[in-house]
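S.K.: Sequence:
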Amino acid sequence: MLYIYNKNTNPYFNLAAEEYILKEFKDECFMLWRNGPSIIVGKNQNTLAEINLDYVREHKIPIVRRLSGGGAVFHDLGNLNFTFIVNDDVSSFSDFRRFTQPIIDVLRKLSVNAEFSGRNDLTIDGKKFSGNAQYYYKNRILHHGTLLFSSSITDLSAALKVRPIKFEDKGVKSVSKRVTNISEHLKEPITIEQFIDLIMNHIREQSGGNELYEFTQEDVEKIEKLVREKYSTWEWNFGTSPDYSFKNEKKFAGGTVEVNLNVEKGIIKDIKIYGDFFGKYDVSELENLLKGVKHSEEEIRKVLSNIDINDYFASITVDNLIEVMF
Numbered sequence: 000m001l002y003i004y005n006k007n008t009n010p011y012f013n014l015a016a017e018e019y020i021l022k023e024f025k026d027e028c029f030m031l032w033r034n035g036p037s038i039i040v041g042k043n044q045n046t047l048a049e050i051n052l053d054y055v056r057e058h059k060i061p062i063v064r065r066l067s068g069g070g071a072v073f074h075d076l077g078n079l080n081f082t083f084i085v086n087d088d089v090s091s092f093s094d095f096r097r098f099t100q101p102i103i104d105v106l107r108k109l110s111v112n113a114e115f116s117g118r119n120d121l122t123i124d125g126k127k128f129s130g131n132a133q134y135y136y137k138n139r140i141l142h143h144g145t146l147l148f149s150s151s152i153t154d155l156s157a158a159l160k161v162r163p164i165k166f167e168d169k170g171v172k173s174v175s176k177r178v179t180n181i182s183e184h185l186k187e188p189i190t191i192e193q194f195i196d197l198i199m200n201h202i203r204e205q206s207g208g209n210e211l212y213e214f215t216q217e218d219v220e221k222i223e224k225l226v227r228e229k230y231s232t233w234e235w236n237f238g239t240s241p242d243y244s245f246k247n248e249k250k251f252a253g254g255t256v257e258v259n260l261n262v263e264k265g266i267i268k269d270i271k272i273y274g275d276f277f278g279k280y281d282v283s284e285l286e287n288l289l290k291g292v293k294h295s296e297e298e299i300r301k302v303l304s305n306i307d308i309n310d311y312f313a314s315i316t317v318d319n320l321i322e323v324m325f
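Oh and the sequence shown: position 145 is 144 in numbering that gives the first Met the number 0, straight run, nothing missing.
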């Protein structure tokens with residue numbers, strides 16, 4: 000087994016690194032890593048339905064889709080992630096206890112009464128501090144989990160709290176649970192770096208312990224290629240969302256605007272705009288311009304930059320229309 004303490008905190012790089020190890024290495028692997036503030040969404044989720052878009056924009060929080068299913072999670076440097084990649088005939092798929100037991104063992108050494116709970120969580124006194132997910136690829140299983148050590152619970156709640164917008168889709172919804180940080184339950188305080196060492200040493204002792212593996216320059220270049228081609232792209236992070244219908248309504252100085260969208264593979268397939276606004280031209284002309292456009296602020300702004308928005312909405316700005324479309 001390879002042991003990797005990946006000190007890169009770029010979420011695009013780290014999610015790509017997991018896929019690279021899974022698909023390009025033959026060795027089994029255990030990796031510890033952290034991300035800067037970011038939202039990581041499950042493979043089968045509708046990204047826009049899981050996030051507080053206003054908060055994400057204001058704080059410039061990256062959003063990255065992972066390979067595995069499950070719900071959306073907020074990462075920051077107070078959250079530690081662990082990844083097992085093992086060779087398996089699929090018999091261990093959904094066996095979350097196998098991969099989380101070492102974490103429970105380390106915490107019990109620290110006199111923290113951690114328990115496996117539900118389908119894929121770890122809890123302390125009924126409060127969740129770890130969510131886990133898995134992905135299977137050609138007789139290899141990737142199991143990864145979060146470990147809230149000293150994470151900002153306020154940011155976590157704000158980033159994932161969706162505004163009252165109606166999404167209708169078949170995406171997997173994230174489940175809100177009471178959460179806690181491990182650091183709050185320690186009898187003697189330790190740093191997250193010390194916690195990292197405790198986990199890594201425990202795993203190495205369990206499995207015969209080799210030296211830590213460092214990514215080579217070739218590894219880094221291949222991972223960064225995967226970032227460019229996949230993990231940093233709109234197509235992966237938003238465009239692979241399940242098809243969905245979106246409805247939002249807002250009142251502006253120029254009147255009320257209601258937007259209804261049908262979106263397939265991230266592309267606006269149908270759009271209807273209603274409201275009590277005034278405009279010189281029929282709003283159906285604008286609707287036709289927006290059909291076939293990505294449901295992304297950048298792409299919609301490009302279209303709107305070529306028209307005078309006041310031809311369709313008196314006293315309503317481009318920013319207003321963008322606001323109601325997300």
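In short, the hints are calculated from the structure, not lab data.
Hints are supplied without guarantee of correctness; some may be wrong.
What the hints assert, rightly or not - Label pairs and their computed distance ranges (CB to CB):
| id | residue 1 | residue 2 | range |
| --- | --- | --- | --- |
| 1 | 87 | 296 | 12 to 22 angstroms |
| 2 | 284 | 249 | 18 to 28 angstroms |
| 3 | 87 | 271 | 42 to 52 angstroms |
| 4 | 216 | 92 | 45 to 55 angstroms |
| 5 | 254 | 287 | 17 to 27 angstroms |
| 6 | 271 | 213 | 51 to 61 angstroms |
| 7 | 271 | 152 | 52 to 62 angstroms |
| 8 | 268 | 193 | 45 to 55 angstroms |
| 9 | 1 | 156 | 53 to 63 angstroms |
| 10 | 196 | 100 | 17 to 27 angstroms |
| 11 | 288 | 156 | 31 to 41 angstroms |
What the hints assert, rightly or not - Lysine-lysine pairs mimicking DSSO-like chemistry, simulated, CA-CA at most 30 angstroms apart:
| id | residue 1 | residue 2 |
| --- | --- | --- |
| 12 | 246 | 268 |
| 13 | 59 | 221 |
| 14 | 229 | 293 |
| 15 | 246 | 221 |
| 16 | 249 | 264 |
| 17 | 25 | 293 |
| 18 | 279 | 229 |
| 19 | 108 | 22 |
| 20 | 59 | 137 |
| 21 | 229 | 301 |
Think of the CB as a built atom: it goes at the ideal place given N, C-alpha and C, for glycine as much as any other residue.
S.K.: Now, for every hint given, state plainly whether the structure supports it.
M.R.: Results for each hint:
no.: 1; hint: 87 - 296: 12 to 22 angstroms; result: 41 angstroms, violated
no.: 2; hint: 284 - 249: 18 to 28 angstroms; result: 21 angstroms, holds
no.: 3; hint: 87 - 271: 42 to 52 angstroms; result: 49 angstroms, holds
no.: 4; hint: 216 - 92: 45 to 55 angstroms; result: 34 angstroms, violated
no.: 5; hint: 254 - 287: 17 to 27 angstroms; result: 21 angstroms, holds
no.: 6; hint: 271 - 213: 51 to 61 angstroms; result: 55 angstroms, holds
no.: 7; hint: 271 - 152: 52 to 62 angstroms; result: 39 angstroms, violated
no.: 8; hint: 268 - 193: 45 to 55 angstroms; result: 52 angstroms, holds
no.: 9; hint: 1 - 156: 53 to 63 angstroms; result: 36 angstroms, violated
no.: 10; hint: 196 - 100: 17 to 27 angstroms; result: 19 angstroms, holds
no.: 11; hint: 288 - 156: 31 to 41 angstroms; result: 38 angstroms, holds
no.: 12; hint: 246 - 268; result: 14 angstroms, holds
no.: 13; hint: 59 - 221; result: 26 angstroms, holds
no.: 14; hint: 229 - 293; result: 17 angstroms, holds
no.: 15; hint: 246 - 221; result: 40 angstroms, violated
no.: 16; hint: 249 - 264; result: 26 angstroms, holds
no.: 17; hint: 25 - 293; result: 38 angstroms, violated
no.: 18; hint: 279 - 229; result: 43 angstroms, violated
no.: 19; hint: 108 - 22; result: 34 angstroms, violated
no.: 20; hint: 59 - 137; result: 36 angstroms, violated
no.: 21; hint: 229 - 301; result: 23 angstroms, holds
The structure shown violates the earlier hints numbered 1, 4, 7, 9, 15, 17, 18, 19 and 20.
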